[in-house]
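Peer 1: The primary structure of each chain is shown beneath.
There are 2 protein chains.
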Amino acid sequence: MPIRAVASRGLFGIAPSARLRPSPYFEATLAEGATSFTIYNHMLMPTSFGKPEEEYWRLIRGVSQWDVACERQVELRGKDAGRLAQILTVRDLRSCAVGQAKYAPMCNHAGTLINDPVLLKLAEDRYWFSIADSNIWFWARAIAAERGFQVNVSEPDVSPLAIQGPKAEHVVAAIFGDWVRTLRYFWFRETAIEGIPLVLARSGWSKQGGFELFLMDGQHGAKLWNLVREAGQQWDIAAGAPNWCERIESGLLSYGGDSDDHTNPFEVRLDKYVDLDLPEDEVIGIRPLRYIRASRPQRHQLGVVFEATEPMVPDFLWHPILRDTRKVGDLTNCTWSYRLNQNIGFALISTECLAGDTVEILKQGRKIPGKLAELPFI
Amino acid sequence: MPIRAVASRGLFGIAPSARLRPSPYFEATLAEGATSFTIYNHMLMPTSFGKPEEEYWRLIRGVSQWDVACERQVELRGKDAGRLAQILTVRDLRSCAVGQAKYAPMCNHAGTLINDPVLLKLAEDRYWFSIADSNIWFWARAIAAERGFQVNVSEPDVSPLAIQGPKAEHVVAAIFGDWVRTLRYFWFRETAIEGIPLVLARSGWSKQGGFELFLMDGQHGAKLWNLVREAGQQWDIAAGAPNWCERIESGLLSYGGDSDDHTNPFEVRLDKYVDLDLPEDEVIGIRPLRYIRASRPQRHQLGVVFEATEPMVPDFLWHPILRDTRKVGDLTNCTWSYRLNQNIGFALISTECLAGDTVEILKQGRKIPGKLAELPFI
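Taken in sequence, the protein lines are chains E and S. Taking my numbering, I'd label the letters of the first sequence as residues 452 to 829. Taking my numbering, I'd label the letters of the second sequence as residues 452 to 829.
The shape of chain E in the complex, shown without the other chains (with noise of 0.2 Å):
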């Protein structure tokens, strides 16, 4: 096989280490048959079930059951924690209550994007951030003790389990009771099942509905998958994970993947998640993000429509854009789409160039036409 078939399949085992963590939910990935994982977080996440198809059409139609425990808790707790939540994301969290979620992006001091978590508000002292792929941990603690605030920050034992798709609250209500069809989108509620410990959200990274369940006691992650496995059957539920062709169809932001180390929250999208009046003496990235957004913008992100039939993989790699040979962006994800029946992808690029605009992807040695299109696809 060639080399880049190998490469952008990822024909390679992961070597243990105990540097890499495996959720309370490994094993039983393991026995559902997970073929290729991702590391996230430290953690190591399945990514594919061997049918991604199948797997893309159950989330689109029925529901899906994943392992996301790499959406790991970055806990602020104590006299300062509501005071450290707002410093740390960009987002006013002034009208977030207690029980309610947000999805709430983080800059550092040059109002570059350094994470998009979404934030857990258990109590007026106590916050959970439920980050993406980098270490919000480290960032908290130096900001905290730099500032001198008094609050802890730390990662409780919090394992979520998405579950996912148009049939899921069939299923969390068969579990739970029927009070989960009246929970809001981004609300959600301390609860238990058969002794299991768990915060029980409307939330999950996909547009098509569904639910996550933060279990708050890892010696209980077989037990939990396979409680929602059984409650499910009825609905054919099945194991899945966050769907990559759904992701990009419905124009969801991938930290780190989409993102890199001179993002502005502006240029993916994410405008209406920063305020401005934010104090900027106070709150990370408020001053830098009211220059940026005074000044032209130099990139944006758009969507991407490819001419080739061929289904297109991902790759480790961004790849360049090109219009009239000059490079002007870059592609920073694709997919055959299955309901579009067509390649799609984001593009990083250069605010000169839009939607219906004409250009090619150089990948792997070839130039491949597409045309820019506005985000979400679908």
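If you're looking for bench data, these hints aren't it; they were derived computationally from the structure. Among the hints, erroneous ones may be present.
Intra- or inter-copy, both count: the list cannot distinguish identical chains.
Stated by the list, open to error - Only pairs whose alpha carbons sit at most 30 Å apart, straight line, appear in this in silico DSSO-like list of lysine-lysine:
| # | residue 1 | residue 2 |
| --- | --- | --- |
| 1 | Lys530 | Lys723 |
| 2 | Lys502 | Lys674 |
| 3 | Lys553 | Lys530 |
| 4 | Lys658 | Lys674 |
| 5 | Lys674 | Lys723 |
| 6 | Lys818 | Lys674 |
On a predicted model such as this, the values are computed, not experimentally measured, just so you know.
We have chain E; now place chain S onto it with these hints.
Peer 2: For chain S alone, kept in the frame of chain E given last:
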């Protein structure tokens, strides 16, 4: 195959995503037949080429070349670079000259180890922390910004390639000239070969001696890899990787693998790299480390020698260590030692336990008897 065997052998693929970065040597190592990888600092690092025993003996008796580009550089540059470098490490840097490197453990404000990089002083206002597997860019930027320092924290285009083993010096001298033979341990020089700019250091993550070539232009990865491969032919060089067995025999620490989120440097034998007379108001971690040093230590790091004669395989988990049925610590790694002809590993264990004590390890449902030993083994 039983699930645990699958898990411990890492027999599943790594899903491609631009969240994970291939190194400039990636194609070259695939061409060499890399069979397993790990993710380290969000990069793919080959861990084996399918012949573990052969790779081991080549490191012990000959010379081996490794893709260690994942030892990424955190560059500090500017007026306050030196001041920030000292604030970030608990080792006194006053004696560090330009052209010299120092093993420089980093702690947080609680005295917990957060990385154990090698610091290279390139100029009075330019330093590289060549880091272990945790995000130090965020950490360094948080501290620099909160203290108002004039320093730029970035990642330069630098990718280390290690040449390790008793014959490494011959290979490096054949490429760069005999001057390399006089280069002292942990000193380096900026140089170039066939137009490829690099920093050449006498360093590397083994106790078999050798060099690291810090490639300063990622475009030349394959060229540098092949240049070393060809120059090393007469000494039978081949592709290898940081060697799991050799590093355990030699007592080398793996940050994040052998340490956890509350490990201090004294617990993992780093006492001699901690300078408690550094100013506690300035250098992060010194104040708590003074208290920790003055109080009774809780854990320390020892070796374990096992009675089991069948080679033990590493795992993604720590394993409990019992003495008289009570948990006294954790086994953080294990390996079959080719030189000792027995299984060995590291214990992070109560200071009540001493070398010579008999213990039991709980691993995959079995109790394996072992004896504590001093580190290093060899």
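Peer 1: When the structure is checked against the list of hints, which entries are broken? Sort them ascending.
Peer 2: 5
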